[in-house]
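Trainee: One-letter residues, chain by chain:
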Amino acid sequence: MKIERNKFADSIFEMHEKGFTYLVKITAVDYQKYLEMVYIFRNLESIEENTLEIDLDPSDLWMPSITNYYKAADWYERELQEMFGVEIKGRNAKRLLLEKWDGKGFPLRKNFEWNKQYETME
Amino acid sequence: MSITRINIGPIHPSTHGVCRLVVDVDGDTIVKVEPHIGFLHRGVEKLVENRMYMQCPPYMEKLDYVAPMSMDDLYVGAVEAALGVEVKERAKYVRVILLELQRLASHLFLIGSVGNDLGLMFTMFMWAFKDRDLILKLLEEATGQRMFYVNMRLGGLVNTLPKDFEEHTIDTLEGLEKRLKKYQAFLEKNPIFIERMKGVGVLKKEDAIDLGVTGPVLRASGVRYDVRKNNPYYVYRELNFSEKVLYDGDNLARFRVRILEMYESMRLIRAAFEKMPEGDEKGMPIRLITPKAKNRIVVVNREVPRGEGLIYMVADPEKAYRLSIRAPSFINLAALEHITKGARIADLFAIFGSLDLVMADVDR
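Chains as they are written, first to last, in the numbering used here: chain R, 359 to 480; chain Y, 139 to 502.
FYI, nobody ran anything at the bench for these hints, they're computed from the structure. A virtual CB, placed ideally from N, CA and C, is assigned to each residue, including glycine. Watch out, some of these pointers could steer you wrong.
Said to hold, decoys possible - Listed below are several chain R residues computed to face chain Y (Cβ distance under 7 angstroms; list not exhaustive):
# : residue
1 : G377
2 : K383
3 : L402
4 : N408
5 : L410
6 : L414
7 : L419
8 : N426
9 : A430
So that you can see chain Y by itself, here it is in the shape it has in the complex (with noise of 0.2 angstroms):
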């Protein structure tokens, strides 16, 4: 037995980001990994103290710029419970489609990256792509931009949703709900992807919980937590959210809890139109926001893509004395090594991808 130490990164197409991972293997078998982080560390944290509350979303929307508006919302969030200010009605509505279509943005992103980890080539990557492309179109459609959105505003948003939004929407989630079908079945078919996913990276429950692993991750290992679920905020309770929970913990495990997430949030975003109430659903202009903290202390919890995203502020009248984000891709990078040992060298990117990490959010 002899062990060989191999780097890989810190620019590999496979991390997804700027990460560095160092494989100590004996054969092909792996015995330790070490990921080195830090590449992408930007002090958002420290930022945010310098500046005041409405300043900082664009920073906030950096951290994970696959799936911004949630960390944008999850920010927003803090502010409005620490100021003390209620989300209209209608807003609470636009936001949630705004955030599940985001999230399906997301999970498509996973979809096609998967394919091209596992070296399935590039069919995957280009159909989830183009799905993902018409969401963002839809997103453009409703905010304004096609990719840093800071649509979020005290209360509400910036933009109303257009007419024919709903109808644009609908149509294209029908559309969607049919292909995803089609991509599951085609990689699900696929003997190589089946080899390289079923049974690979077994996280058990009692690690997930240990680890602190979260969202996707640690429902796939059967764990029935979701924050939509279990701490419910704006109308996910009224739109009687079911979480979705499989208990393999494998790599196939992973990928289909996603699968699933997205069709959840196709049905909340159809559910979301047919209750939406008419009204009003502009947030506050900045300029008009008298700054006074009511909560000194405030602790905010989302369901991002990525899994469980919380914020713990202590809140000054104009500006945060101090934020500490809960990154999820952090928490579940801090795992890899867990899930990894004994797993083949091959087999680590296939692992890897599956936790579906953002670096920028690991490094913050």
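Just chain R, same shape as in the assembly (with noise of 0.2 angstroms):
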């Protein structure tokens, strides 16, 4: 389901209290014109799949957290802040993901050429 960014907390509280409490995964896929944000939830009383989709534009890179309502997500964000370059915001931790990452630009992003030698900043 294709939403809005700012229908998106609304979305999200919505899906929480229909029983989607369990977060299978969330995800980007960098489309190059646009960055599409993908959130998996699952309800586990009646095993039914919701995904939500959202599209970003690459000048404009961010996301509410969800933490509030699913602490899972923690890790998701920290990864997508970390392979995408999408700010995250209202988190409480700061920490990316991993650990001896020290290069400019970000890997799963399509300019990123997977081959090449990146120059590391100090």
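From these two lone chains plus the hints, build me the complex, please.
Mentor: Given below as structure tokens:
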């Protein structure tokens, strides 16, 4: 289900109320013209799944955090900050996920070439 | 009250890989555990974007080196869904047999290492690994490899099963079933084992759902969810699979769920041999694949030994435009901080071991 970012907070609340309390996965896809965030939820009572998709403009990459509703989102959000450069607003912990990455750029974006030497930042 | 910070790892025998834990303790009570990961990060998700579909299974197998075939199957399942390939009827049965054998091998690894983590020394480790080796031998017979099989092809498998494979498997399982009872009795009659497992590291049902844990960890907390039951693939429905659920949510429950699953796996293998139709199980040779992706976006999930593996794939005709893997160990490790809160520092690795993590799977 495609939604706008400004309706996202309401949708998450609604989703949680409807019994979709299990977060399966948060991921993102870089379609170059826009970046799509994908949230997959599951209702463990009725075994239904629901997907929320939000398109983000590459010049305005941020999403609100959903860790208030789903604790499972914590590590996924950290991963997305690091891999896609999507800023997740409203998080307490600022630390990134992986330990040794000291390069510039966001590895899973399409403009990041996979076999190129990247300069590291000091 | 004063808080001491302890560093454990990155290289530590009980972390089953390379993982650094920064532990804040007050006396010997854990206040906070912060896992630092990423030492084994290889960027599999990026590598896959630059390779043809069937070049990738070897990468996928290295995600979970304790149960490589199940990750291979997860990936090939996603590619089959994207290209719209039907799996041959006999191949479905053969896959179930091999995957359940892989699950047995993986759970035996846990039984062996849990004894080691608790300081029960080497007896259980040796016994369990001897049995694991018998199963690896069976898999070698069927696939030609001992550890990284790369045995899945679109629509089937690379090798057909050898003639006396069924006989060998049934014999091995018979012996394993007897010994498994012995192992369980050996561990559960040991007061030290029970003391460090029962009531330790309790994860309540609501927390388990909120933290998104998966697989045996979720089922040990009383949530009735198993992909093989709730979203059945291959022939699990025909084989009347029943999921194993326990309600205590502690270390012992997580251990027992896996033992129960092993009995179920053995039953499934025997039933699959009985019902298996005659025919051919070979998949498409790689050079005959005409790449045309039918479905652009595919979501496939499978119950791998560590939990629910899921792939979200955006498919291009020849290769994946984007492949995102939900690694079961990743999300189970994220729950470690919650589970260990208030536990003793000595129990940290009892809890860590009961989650059955593979670090390569966490870091991807």
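Trainee: Mind listing which of the numbered hints don't hold for this structure, in increasing order?
Mentor: Hint check: 1, 4, 5, 6, 7 and 8 fail, others pass.
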